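Chemist: Residue numbers (my numbering), protein chains in the order written: chain A, 574 to 722; chain B, 574 to 722; chain C, 574 to 722; chain D, 574 to 722.
For the record, the hints were derived by calculation from the structure and aren't laboratory data. Some clues are possibly wrong.
Selected chain C positions facing chain D (Cβ under 10 Å, derived; list incomplete) [unchecked claim]:
| no. | residue |
| --- | --- |
| 1 | 607 |
| 2 | 611 |
| 3 | 613 |
| 4 | 634 |
| 5 | 702 |
Label pairs and their computed distance ranges (CB to CB) [claimed, not checked]:
| no. | chain 1 | residue 1 | chain 2 | residue 2 | range |
| --- | --- | --- | --- | --- | --- |
| 6 | B | 673 | C | 699 | 52 to 62 Å |
| 7 | B | 632 | D | 658 | 43 to 53 Å |
| 8 | D | 718 | C | 687 | 33 to 43 Å |
| 9 | B | 592 | C | 683 | 13 to 23 Å |
| 10 | B | 710 | C | 659 | 18 to 28 Å |
| 11 | C | 716 | B | 636 | 46 to 56 Å |
| 12 | D | 672 | B | 651 | 49 to 59 Å |
| 13 | A | 706 | B | 590 | 34 to 44 Å |
| 14 | C | 684 | B | 592 | 24 to 34 Å |
| 15 | B | 710 | C | 683 | 21 to 31 Å |
| 16 | A | 590 | D | 658 | 18 to 28 Å |
| 17 | C | 642 | B | 632 | 38 to 48 Å |
For clarity, every value in this text was computed on a predicted model and none was experimentally measured. The beta carbon of each residue, even a glycine, is placed where N, CA and C say it ideally should be.
There are 4 protein chains.
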Amino acid sequence: MAPAAREPAEEALHEGQTTTRVRYPETDRMGIAHHTHYFTWFELGRTELMRQLGCTYGALEEESGIFFPVVQAAADFRASARYDEVVTVTTRLVRASGVRVCFTYVITREDGTVLATGRTEHASVDGRGRPQRLPGALQRRLTGQENDA
Amino acid sequence: MAPAAREPAEEALHEGQTTTRVRYPETDRMGIAHHTHYFTWFELGRTELMRQLGCTYGALEEESGIFFPVVQAAADFRASARYDEVVTVTTRLVRASGVRVCFTYVITREDGTVLATGRTEHASVDGRGRPQRLPGALQRRLTGQENDA
Amino acid sequence: MAPAAREPAEEALHEGQTTTRVRYPETDRMGIAHHTHYFTWFELGRTELMRQLGCTYGALEEESGIFFPVVQAAADFRASARYDEVVTVTTRLVRASGVRVCFTYVITREDGTVLATGRTEHASVDGRGRPQRLPGALQRRLTGQENDA
Amino acid sequence: MAPAAREPAEEALHEGQTTTRVRYPETDRMGIAHHTHYFTWFELGRTELMRQLGCTYGALEEESGIFFPVVQAAADFRASARYDEVVTVTTRLVRASGVRVCFTYVITREDGTVLATGRTEHASVDGRGRPQRLPGALQRRLTGQENDA
Numbered sequence: 574m575a576p577a578a579r580e581p582a583e584e585a586l587h588e589g590q591t592t593t594r595v596r597y598p599e600t601d602r603m604g605i606a607h608h609t610h611y612f613t614w615f616e617l618g619r620t621e622l623m624r625q626l627g628c629t630y631g632a633l634e635e636e637s638g639i640f641f642p643v644v645q646a647a648a649d650f651r652a653s654a655r656y657d658e659v660v661t662v663t664t665r666l667v668r669a670s671g672v673r674v675c676f677t678y679v680i681t682r683e684d685g686t687v688l689a690t691g692r693t694e695h696a697s698v699d700g701r702g703r704p705q706r707l708p709g710a711l712q713r714r715l716t717g718q719e720n721d722a
Numbered sequence: 574m575a576p577a578a579r580e581p582a583e584e585a586l587h588e589g590q591t592t593t594r595v596r597y598p599e600t601d602r603m604g605i606a607h608h609t610h611y612f613t614w615f616e617l618g619r620t621e622l623m624r625q626l627g628c629t630y631g632a633l634e635e636e637s638g639i640f641f642p643v644v645q646a647a648a649d650f651r652a653s654a655r656y657d658e659v660v661t662v663t664t665r666l667v668r669a670s671g672v673r674v675c676f677t678y679v680i681t682r683e684d685g686t687v688l689a690t691g692r693t694e695h696a697s698v699d700g701r702g703r704p705q706r707l708p709g710a711l712q713r714r715l716t717g718q719e720n721d722a
Numbered sequence: 574m575a576p577a578a579r580e581p582a583e584e585a586l587h588e589g590q591t592t593t594r595v596r597y598p599e600t601d602r603m604g605i606a607h608h609t610h611y612f613t614w615f616e617l618g619r620t621e622l623m624r625q626l627g628c629t630y631g632a633l634e635e636e637s638g639i640f641f642p643v644v645q646a647a648a649d650f651r652a653s654a655r656y657d658e659v660v661t662v663t664t665r666l667v668r669a670s671g672v673r674v675c676f677t678y679v680i681t682r683e684d685g686t687v688l689a690t691g692r693t694e695h696a697s698v699d700g701r702g703r704p705q706r707l708p709g710a711l712q713r714r715l716t717g718q719e720n721d722a
Numbered sequence: 574m575a576p577a578a579r580e581p582a583e584e585a586l587h588e589g590q591t592t593t594r595v596r597y598p599e600t601d602r603m604g605i606a607h608h609t610h611y612f613t614w615f616e617l618g619r620t621e622l623m624r625q626l627g628c629t630y631g632a633l634e635e636e637s638g639i640f641f642p643v644v645q646a647a648a649d650f651r652a653s654a655r656y657d658e659v660v661t662v663t664t665r666l667v668r669a670s671g672v673r674v675c676f677t678y679v680i681t682r683e684d685g686t687v688l689a690t691g692r693t694e695h696a697s698v699d700g701r702g703r704p705q706r707l708p709g710a711l712q713r714r715l716t717g718q719e720n721d722a
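The following block holds chain A by itself, in its conformation from the complex (with noise of 0.2 Å):
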């Protein structure tokens, strides 16, 4: 098996971080985080990743009327994750063409120990879930080529 989230380094086209702290409903019963959380924290980063590059969901979705739902989802979990503890979530968008978007992401606890690794891979459609290709403004501001010529 050779699972997403353990692919080969994909290229960054853009790059962020943001913080969140481990709730005490995300705990179980072993006293950790519970892993289905880490999958809301990956969109906690690519939600403000998306911020940082100007292009709300909120925006997309209510002003331009396109969805990022998620077709694929992956993650390793290296180590635990315990109650109260800062987690940083470093998210990086990968793709960005077509009517595919990817992120990838790790997330750490402040010691910079990798507590898990993932990757998500979301189509663009519209309204009614129909494939709806990239605008090319967000495109490029997206791939970071909004300045060209």
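We have chain A; now place chains B, C and D onto it with these hints.
Modeler: This is chains B, C and D only, laid out in the frame that chain A set:
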């Protein structure tokens, strides 16, 4: 990329089905079940399969001191689940040996449409998180070789 | 303080029961179901009661354009629910008139121990959030006066 | 009915504020934050207030063996929070004596609109769930009488 969820089919040691309804708080503002909840449904699936095999997680953790934390999770999302829909989780145990247990999943709606497929890989550890080989009796039960001479 | 959840019993217009198992991610590091999930279980309870009455939320929202957002919720927690326990939600519809619908709840474990009681009050609104009187036919169905002359 | 959340204002022993953004999976198909998540935000509020007072939950649980399970929770919901909105939780500690700790909450959006108010009451218990009086030093710190002669 060769994501875990699209791997060539692994042979099932055991298979089971369980159903659940999409809960209101599991929907998001796109009006569909948020993808993070599929990982919870996978967990429902393996919980019920293990119960059918006579090895509930509760008993494993409390009586045998064995835990199966998720070390890898992946899913492909193909179609959406809407509020109050009944979804069926078909879970297959595909590996139970050494310090690894693996399951695959197919989630369908009532008309048979595949909504998602997935795979989780679990470590076998003790209460302190140290790798712990599956006890022989448990491994035999999980691999269906319980009655070997 | 006279919390909602300990009010003198209101007369039930209708009553129903549903069961659910405590899911692993619903547990917290105290090893018990986190209190926030009881409000989700209340929602399961009223969803199933409404279904029994022939008025699913899905149909109300999609066909009648009526929504019942929660305007007040309260719960008393008396005992803990553990992982994988089956809990029963007994739901009573205690009011359905004007622009208000109210339910009360009792959550028990299998031996009959009461784990929690609760109450939710809902506004009847249209798709824009404006107060909307319950349609006569719906009110008659909810109050059991469906066959009035 | 005199719900907890509308009680006459209790005097605050301590007050603190924290903010959070509405996460995508916290929205529901009405497009707004599902009411159950407000109880998680209340928890964020009291977690941060306790941290400001130098008594983190983590330390209380792990070092002092004291837990504060919720025995009563109530909320009034007045307006909706939308995806990605910043909400502020103002938390007041209103009681810390004997075996009870109580907090009240006001959740506002950035323009000052009150979205919800709430109240939680907590028991002080030991690791086995038995009532445990607040240690004197903790009670003095929580009630602000730390420097009494």
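Chemist: Each hint should be assessed against the structure and marked as holding or not.
Modeler: The hints, checked one at a time:
1. The restraint placing residue 607 of chain C at the interface with chain D holds, with a minimum CB-CB distance near 9 Å, inside the 10 Å limit.
2. Against a cut-off of 10 Å between C-beta atoms, the interface hint on residue 611 of chain C holds, since the closest Cβ of chain D lies about 9 Å away.
3. The interface hint given for residue 613 of chain C holds, since its Cβ lies 6 Å from the closest Cβ of chain D, which is under the 10 Å cut-off.
4. The restraint placing residue 634 of chain C at the interface with chain D holds, with a minimum CB-CB distance near 8 Å, inside the 10 Å limit.
5. Because the closest C-beta pair between residue 702 of chain C and chain D is about 7 Å apart, less than 10 Å, the hint holds.
6. Range check, residue 673 of chain B to residue 699 of chain C: Cβ separation about 54 Å, and the 52 to 62 Å hint holds.
7. For residue 632 of chain B and residue 658 of chain D, the hinted distance range of 43 to 53 Å is satisfied, since their beta carbons lie about 44 Å from each other.
8. At roughly 37 Å, the beta carbons of residue 718 of chain D and residue 687 of chain C sit within the given window of 33 to 43 Å.
9. A hinted range of 13 to 23 Å holds for the C-beta pair residue 592 of chain B and residue 683 of chain C, which are about 21 Å apart.
10. Roughly 27 Å separates the CB atoms of residue 710 of chain B and residue 659 of chain C, a value that falls within the hinted 18 to 28 Å.
11. For residue 716 of chain C and residue 636 of chain B, the hinted distance range of 46 to 56 Å is satisfied, since their beta carbons lie about 50 Å from each other.
12. Remark: the range hint 49 to 59 Å for residue 672 of chain D to residue 651 of chain B is upheld by a beta-carbon distance near 52 Å.
13. Separated by about 39 Å at the C-beta atoms, residue 706 of chain A and residue 590 of chain B satisfy the suggested range of 34 to 44 Å.
14. Distance hint for residue 684 of chain C and residue 592 of chain B: a CB-CB separation of about 26 Å, consistent with the stated range 24 to 34 Å.
15. Taken as a hint, the range 21 to 31 Å holds for the pair residue 710 of chain B and residue 683 of chain C, whose Cβ atoms sit roughly 28 Å apart.
16. For the pair residue 590 of chain A and residue 658 of chain D, the beta carbons lie near 22 Å from each other, so the given range of 18 to 28 Å is met.
17. Here the CB-CB span from residue 642 of chain C to residue 632 of chain B is close to 41 Å, well matched to the stated 38 to 48 Å.
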